Each structure stands twice: as structure tokens, then as C-alpha cells.
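Asker: If you read the sequences in order, they're chains A and B. Quick note on numbering: the first sequence equals residues -5 to 285 in this note's numbering. Quick note on numbering: the second sequence equals residues 9 to 447 in this note's numbering.
FYI, nobody ran anything at the bench for these hints, they're computed from the structure. The model shown is predicted, which means the values in this text are computed figures rather than measured ones. Where a beta carbon is used, it is the ideal one built from N, C-alpha and C, also for glycine. Careful, some of the hints might be misleading.
Claimed, not checked - If we take Cβ atoms under 10 angstroms as the criterion, some of the chain B residues that face chain A in the derived model are:
| no. | residue |
| --- | --- |
| 1 | 99 |
| 2 | 101 |
| 3 | 188 |
| 4 | 189 |
| 5 | 283 |
| 6 | 382 |
| 7 | 384 |
| 8 | 418 |
Residues per chain, in single letters:
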Amino acid sequence: MGKFWSLLFLCVPVLGTAMYLAGMYTSSGPLAMWFPENINPMAEEIDLLHDIILALSGVVFVATGLAIFLFMWCYECGCNKQLAKFVHGNHRVELWWTIIPTIVLVALAVYQFKVYADVRINRPMMAGADGVKGTADDVPEPASFEVMGRQFEWRIRYAGEDRLLDTPDDILGDVNELHCPTGTVMVGSLKSADVLHSFFIPALRLKNDMIPGTRQIVWFQADKIGSYEIVCAELCGWGHYKMKGRFVAEPPDQFQAYLQRLREKQFLREYVPAPPQPATDQVALDNQPTN
Amino acid sequence: MNRLRNHSSGPLVITTLIAVAVSFLSGCEVPIASFSSNLVFAKRLEIDSGMKMEPAVNETQSILAEMFGTPDQPTWPKLLSEDQELAGLVSQQRLTRAAGAVRSDQQDNHFGLFREHCVHCHSVVGNGVGPTSSFLNPYPRDFRMGIFKFKTTPKGKKPTREDVMRLLTEGIMGTSMPSFRLLKQDDLEALTDYAIYLAIRGEVERRLMMEAASELDLDKGERLLDPALKESAPDDYQDQLRLIEETVTKVAQSWTGAASSVTKVEAPPADYPLFGRDTAGSKEAQDRLGASIANGRSIFHGKIANCASCHGNTAMGDGQTNDYDDWTKDWTILAKVDPRDKEHIQPFLDVGALKPRNILPRNLRSGIYRGGSQPVDLYHRIVQGIDGTPMPAVGLKPDNPQGLSTEEVWDLVNYLLSLPYEHITQQSSQVPPYQRENP
Ligand SMILES: [Cu+2]
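Input sequences plus hints: build the corresponding full structure.
Answerer: Below, the structure written as C-alpha cells:
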């Protein structure tokens, strides 16, 4: 029993590292837990930033885990007959373990400024009154779709021909299903009907809280045709787990055709017996290209 | 130091392991699921008839168990599956798929769907009193009255299968009922069957209890189906049995009849103005739309439709706000119980009724429609009314010479669709919120 606790603590860095490696390098099964492929060119730096932070904290995690193990192993009272010695600090060591993390953290902070600004502050702009993009009178690109989080579903709306939301020509989308054209910068507006939700499309590296009473603006570009998962990333109530949606990236002409179908549905003035629903099992929630 | 040296970590390790094991093994005892009786309705009958309803409640429960099975093994009554016309209403296979404990197989097919997705609101028996119900507004639906609000059939008729399915796929905006659109088609079909099954079971339960309260002398020990008669008076026994079977068949027939009673809506000419579609159209289209909306507005406030009496002059739902829906009236007004009288309603709350709430006419400026926002949905709401609520059906010409023409209904639809975009009148926006009657 003497070395039990030290071995138990050794499991932390060993199993932790093993789980990360398994998550990164297995492609299926319960251990495959890495990010889905990123399809958003505007978010590539998020992945890079994530990898750098993971590598740095990984080194610290393993080093501290091993240090704890070593101390427990060597100084276990059952076998270590030496009496304890009390040390009153070491200035030089303390200096280094303050300076090095400070440098690392400040470097990270400076590096992430730009990434943060790109995904949160530098909203895509479009030409203003002079019709030329890149001049001083550029105006923010208006949101072309709206997602409203609601206990426990996503309600979707697209701007109509006037390119503005909240006008009579808005197009009502299908519940829990957001479509967008590939290769196009999309600006969206998020809001909540009740409590905090967080709109998360892992494949786009897009995650943003929905705050009751405010509008959040997000933007992205989807470059790969397919059907991806939307999830709620903020525990929002007893049905939080139900808030799963589908994000479909499709070629622009198919997207226009989809909007046209929605429009026809929205303006229906005739009773038509419900058309047979497409079996949703066929469009599984993975990266299978849809057609 | 000595204390530390002598200390052995053995006991500590063992205690930890035991604690972990105990916490894994305990709390696993799940009570067997059972259908609870409609005690709220029994209480009302008790007040009506002056008899103790308990024997009838118990007997009804065992008759139902015989025919409809249990939450773990629901059965579609044999007499219905043997009837050609009624057999297709609910499939036993789908019932089994939707019922029982939550489980799934290697291919990720889910079973026990009702308990996975619905039960925390609608409860095992479908009475709308699940663990989360009292936190929700409006309350989840009690299926057992067999009344459904949003459907394509006239008031008083059952919904079609597609109507129920649509509620599951689209969810009900403005309520806590979410969309289950991303479930597999088979799952949705199974859940639809199960909801219909619970509705039929619940309605049969009500009718049998009603029958017992009105026809039998329960205090003298009379029964709906008396096994003693089997020997002594087989004819009487057969009569009793037939009566029960007829009740079940009648309820089931009301469901199969729904498909043929669908309100057929024929579209107006394609160039008939439509809000949204024509809002930014040609000058002429806009003028026609403007005239249509104006006509809709005057119908809304007019004598025939009189929508404003409930929905208010501002259409914000602030007209008549002190009424109740049929689910509440069932055990309050109909039992001569004042829903506002705390002491009076307490016995009902004790047996599971939820605190009564007023039914509020919809705020028609919010653009949120529970039954769908397509023009055809609004048309259905107007000409059918909304079952289980005070919202009446508007009569249609020529059947009802006093009613509206279909064009006038489409004008009303245009007016409704325009409301969320219309500026509220100067007058009411100048009244500060704290001075309004219904802020
Ligand atoms: Cu949520």
C-alpha cells in the first residue's frame, strides 16, 4: 500500500495525455472526440490559437503531474526515514516561475487580440453611398439571417429581397435548420426569446451567447458543402439537450432554390395534405455532402 | 511525526472504494410505471352525483388495463385491431416502439421514445402533469379530453394524423412545446401513434367513469361489468360488455372520421393580394393590398366577426381576459366550482389538478402563431375557431348568410399578417406603460 497514492496521482498525467492522444488520432468510436473539420476560413486562426494554448498548458499539466508523483514517491512517509526539513523559499526560483509565465501569457494575449478582433469586432463591411468598398463611408454588412434561441429549439428567419430583417418580406425558415450558401461571407443576428442560450456550430468554430433583450452579430464563411451540427452550448433548462439543429452549407443556386421553397410555403393559401416528409435519417448529422 | 509514521493508508483506501461502490449501486431502484387514474374528473363526478367514486375509478382502471395494457406493455384493444376500419388508426408495433423504458440498440434506434422526449411534461398517462408542468405557461396539454387546438378539422372534430404529426415536427411557437423535427421519421410516427393511443385511452376512461356516475348506484355496489352476472345472468353481462365495447369503438371512430372532415381551403385567385408577398410589389398590387388590409381591419372591429371583443381594440389580446379553457372549465365551472376560490379548488389541486389560469386571447401584434403562420393556417383558425378555447368559428357564406365570404376571410388574414408591422396608434403609445390597463 505504501506507494498507492503516488501511483494513483501518476494516473492523472498518464491517462490525461493518453485521452488527448486518443481523441486526436482515433477517427471513430467513443474516444474520437476531437473537433470536426473546420470549414470556415475566417476561423483558421482560432484552431491555431487553440493548438498553441493546448501545447503550452499540456507541457505544464504533464510537468506538474510528474512532479507531484515524484515527490509523493520519494517522500512517502512509510519508506522515507528522513525527518522533514523546512525551506523558507528561494528567490531565484520564484523569480523565474513568475517571469516565464508572464512572458508566455502576455505573448498569448497580444497574439489573440487580432484573432478576437477578427471574429468579434471587425464586422464585414460593404460599400457605402459612394459604391466603393474600402472607403471611409463603408457601412456594416446587414445581417442576412436571424436565429432565435428558444427553450428548446432554434427559430430561423432570412432577410428577403430588401436584405433587411424585421421587414414584411422576411422569409421564415424551417425550425432547427439553418441553410447558407458556400463561399459567401454570411452575417447573422442572434437573439433569445427567453433565457441565455449559446449558438454553437462546431464545424464553423462559431460560438456566441444569445442574450435576452440584445442582438448579437456573428459572421462566417462555410467553404465545404455538407450538413453539420448546431448545438446549444449554454445550459439553458431541463430540455437543453434537445436543442440540436442542422446547419446545411450548399451551393448558392441551391440555397436560392431553398429560399424559394420556403417562400412558397410561407405564402400558402390553400389546404394541401401534408407532403410525405423526407426521412430525416437520410440526412444524417455528419459531414456527408448533401445534394 | 510518529503519528504520521504509524498511520497506514489501508483503511482509508477501503473506505473510499466502498463509498464509490455504494454511490454507484444505490438510487437505481426505478418504480414500475403505471397509468394513474383521472382523479380530478372523479372528484367532479363525486360532487355531481353525491356518490363515492372510488369503486368506479378502480373498476375503470382494471377494464382499461385489460384493453389498453400498461405503460411498459401498451396494447391496442383487440376489438379495435379486429375492426377493419379502425385497425389502421394505431399500430401495435409503433406503440411498442414508443413505450417502455428508454433504450437504444447498436444502430442507434431509440425505443421508449415517449419517456425519452415527452413524459417530463405530458406525464406517463398523458394528463399534462409531468414534473416540469407547473413551471410552464401555458401548461402542457392533457390528452385525455381528446381535444386538440391546432388542426385542419372543424371545431368539435378530432385532428387528422397529419395534424398531430405536424405539431411534433414544427413544435408550437409561443409555448414550451419544442420541435422534434430532427428525430427519425419512424420515431415521429411512433410518437404520433402513442399520443393518439393515450388520447383514446383517456377519453374512454372519462366516458366509463361518466357512465358509472350517471347510470349506476355505486353505493349499492353496482358495477360497470359485474363478473357475478357472468353465471347468474349471462345476457345482462353481455349487455354490459357490449356497452363498454361500444364506448371504445365510438371514441376510436371519432378519430378515423377526422380525415374526411378536413376543412377544404381553396386558394383565392393567384393575384388576390397577400401581405408579405405583395408588400413591395407594383403600385397597383400595393393599392389592392392596402384596400384588403383596410377591409380586414373593419371586419376585425365589426359586428359579424367581432374579433376585437376578445383580442382588444389594439389587437394586443387585452379584450376579454377572464375566461378559462375547456380543460380548466371541466373541473371548475362545470362542477360549479369557482376557479378563483382557493378553498373551493383545493380538493382538486390535492388530486393533481394544476392551478387554474385564465385563457388569454393572443396578442396578434407579436407575429407568433401557435398553429402556424401560413395564410392557410390563419384561415383555418378563423373559420374553425380554436377547440377547447373561447375563440369561436366564423360562419362562412353561403351556408351562413350572416357570415363572411371567403374573400373577406382572406382580407382578415392580410390584416392579421400586417399587424406585427403596423405602428400602434398614436393614442395608446402616448399612454405611459404604468397607466395602461394591461401593460
Ligand atoms: Cu439552449
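Asker: Against chain A, is residue 283 of chain B within 10 angstroms by beta-carbon distance?
Answerer: holds (6 angstroms)
Asker: Taking the least C-beta to C-beta distance, is residue 189 of chain B closer than 10 angstroms to chain A?
Answerer: It holds, given that the least Cβ distance between residue 189 of chain B and chain A is near 5 angstroms, below 10 angstroms.
Asker: So, as I understand it, the hint says residue 99 of chain B touches chain A; can you test that by seeing if any CB pair is closer than 10 angstroms?
Answerer: This hint is violated: residue 99 of chain B lies away from chain A, its Cβ roughly 17 angstroms from the closest one there, beyond 10 angstroms.
Asker: Less than 10 angstroms between beta-carbons is the criterion; does residue 101 of chain B satisfy it with respect to chain A?
Answerer: violated (17 angstroms)
Asker: Mind checking the CB of residue 418 of chain B against every CB in chain A and telling me if the closest is under 10 angstroms?
Answerer: Holds. Min distance 7 angstroms.
Asker: Once the shortest beta carbon distance from residue 384 of chain B to chain A is found, is it less than 10 angstroms?
Answerer: holds (5 angstroms)
Asker: Hey, does the residue 188 of chain B contact hint survive, CB to chain A under 10 angstroms?
Answerer: With a closest approach of 8 angstroms, the residue 188 of chain B hint holds.
Asker: Checking hints one by one. Is residue 382 of chain B an interface residue toward chain A, by the C-beta closer than 10 angstroms rule?
Answerer: holds (5 angstroms)
Consistency note: the structure conflicts with the earlier hints numbered 1 and 2.
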